[in-house]
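If you want the building blocks of each chain, they are given just below.
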Amino acid sequence: AQTVTQSQPEMSVQEAETVTLSCTYDTSESDYYLFWYKQPPSRQMILVIRQEAYKQQNATENRFSVNFQKAAKSFSLKISDSQLGDAAMYFCAYRTWGETSGSRLTFGEGTQLTVNP
Amino acid sequence: SAVISQKPSRDICQRGTSLTIQCQVDSQVTMMFWYRQQPGQSLTLIATANQGSEATYESGFVIDKFPISRPNLTFSTLTVSNMSPEDSSIYLCSVAALAGGGDTQYFGPGTRLTVL
Numbered sequence: 001a002q003t004v005t006q007s008q009p010e011m012s013v014q015e016a017e018t019v020t021l022s023c024t025y026d027t028s029e030s031d032y033y034l035f036w037y038k039q040p041p042s043r044q045m046i047l048v049i050r051q052e053a054y055k056q057q058n059a060t061e062n063r064f065s066v067n068f069q070k071a072a073k074s075f076s077l078k079i080s081d082s083q084l085g086d087a088a089m090y091f092c093a094y095r096t097w098g099e100t101s102g103s104r105l106t107f108g109e110g111t112q113l114t115v116n117p
Numbered sequence: 001s002a003v004i005s006q007k008p009s010r011d012i013c014q015r016g017t018s019l020t021i022q023c024q025v026d027s028q029v030t031m032m033f034w035y036r037q038q039p040g041q042s043l044t045l046i047a048t049a050n051q052g053s054e055a056t057y058e059s060g061f062v063i064d065k066f067p068i069s070r071p072n073l074t075f076s077t078l079t080v081s082n083m084s085p086e087d088s089s090i091y092l093c094s095v096a097a098l099a100g101g102g103d104t105q106y107f108g109p110g111t112r113l114t115v116l
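Protein chains in written order, with our numbering: chain A, 1 to 117; chain B, 1 to 116.
Please note: incorrect hints may appear among the correct ones.
[Claimed, not checked] With the Cβ distance kept under 8 Å, some of the chain A side facing chain B (calculated, not the full set):
{"no.": "1", "residue": "Ala1"}
{"no.": "2", "residue": "Glu29"}
{"no.": "3", "residue": "Tyr33"}
{"no.": "4", "residue": "Gln44"}
{"no.": "5", "residue": "Leu47"}
{"no.": "6", "residue": "Ile49"}
{"no.": "7", "residue": "Tyr54"}
{"no.": "8", "residue": "Lys70"}
{"no.": "9", "residue": "Lys73"}
{"no.": "10", "residue": "Lys78"}
{"no.": "11", "residue": "Arg104"}
{"no.": "12", "residue": "Leu105"}
{"no.": "13", "residue": "Phe107"}
{"no.": "14", "residue": "Gly110"}
In short, the hints are calculated from the structure, not lab data. Where a beta carbon is used, it is the ideal one built from N, C-alpha and C, also for glycine.
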């Protein structure tokens, strides 16, 4: 079974600075998806970024980028120019590639990010 | 992407009663998922609901406790039966949809359930 580990329960960053959240996973599969979701106090799960395992290029979305190291099974999220609105719980998630797998997501335990003004 | 709504957004219920949570999607989707998020914890998949077939439950979750309906491709319900305080959680509906050339899972706003 796949597992996802986030080793940082809490992180903090100064506004306008850069922060990196860590995620590692364990799988025997070669094709899969990886995601970062953000959950603010409103509890809405918001997709931040997606990475397909077959793509060597790291995904980017505006101020958010990932460092995907497939061999090391590492998938970290970098937030640049941090803003107060970035404060939230961040979850790393893994999804198997094929439809027959059921598309279920396996989540890490989350990292609570605080942004200090 | 997909826009998902859930009803109710929150509820406070008495022990031993049941609550049905509704999930509505703005487009037709094959798979819908129900997750539970206990206080201070991550998300755990309860079951996968496909239209026209019985839901598939994850280990630790049973149909008698969490019956699910999926009458069409845009709607599903999850019932939390015979509730106890341990059922106090956020329950989230999710769907898989294509976006940006890939398969992505989107979430509803969640239902915060408190059982007294």
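Cross-check of the supplied hints:
no. : hint   : verdict
1   : Ala1   : violated (10 Å)
2   : Glu29  : violated (15 Å)
3   : Tyr33  : holds (7 Å)
4   : Gln44  : holds (5 Å)
5   : Leu47  : holds (6 Å)
6   : Ile49  : violated (10 Å)
7   : Tyr54  : violated (11 Å)
8   : Lys70  : violated (17 Å)
9   : Lys73  : violated (19 Å)
10  : Lys78  : violated (19 Å)
11  : Arg104 : holds (5 Å)
12  : Leu105 : holds (6 Å)
13  : Phe107 : holds (5 Å)
14  : Gly110 : holds (5 Å)
Violated hints, listed in ascending order, are 1, 2, 6, 7, 8, 9, 10; each of the other numbered hints is respected by the structure.
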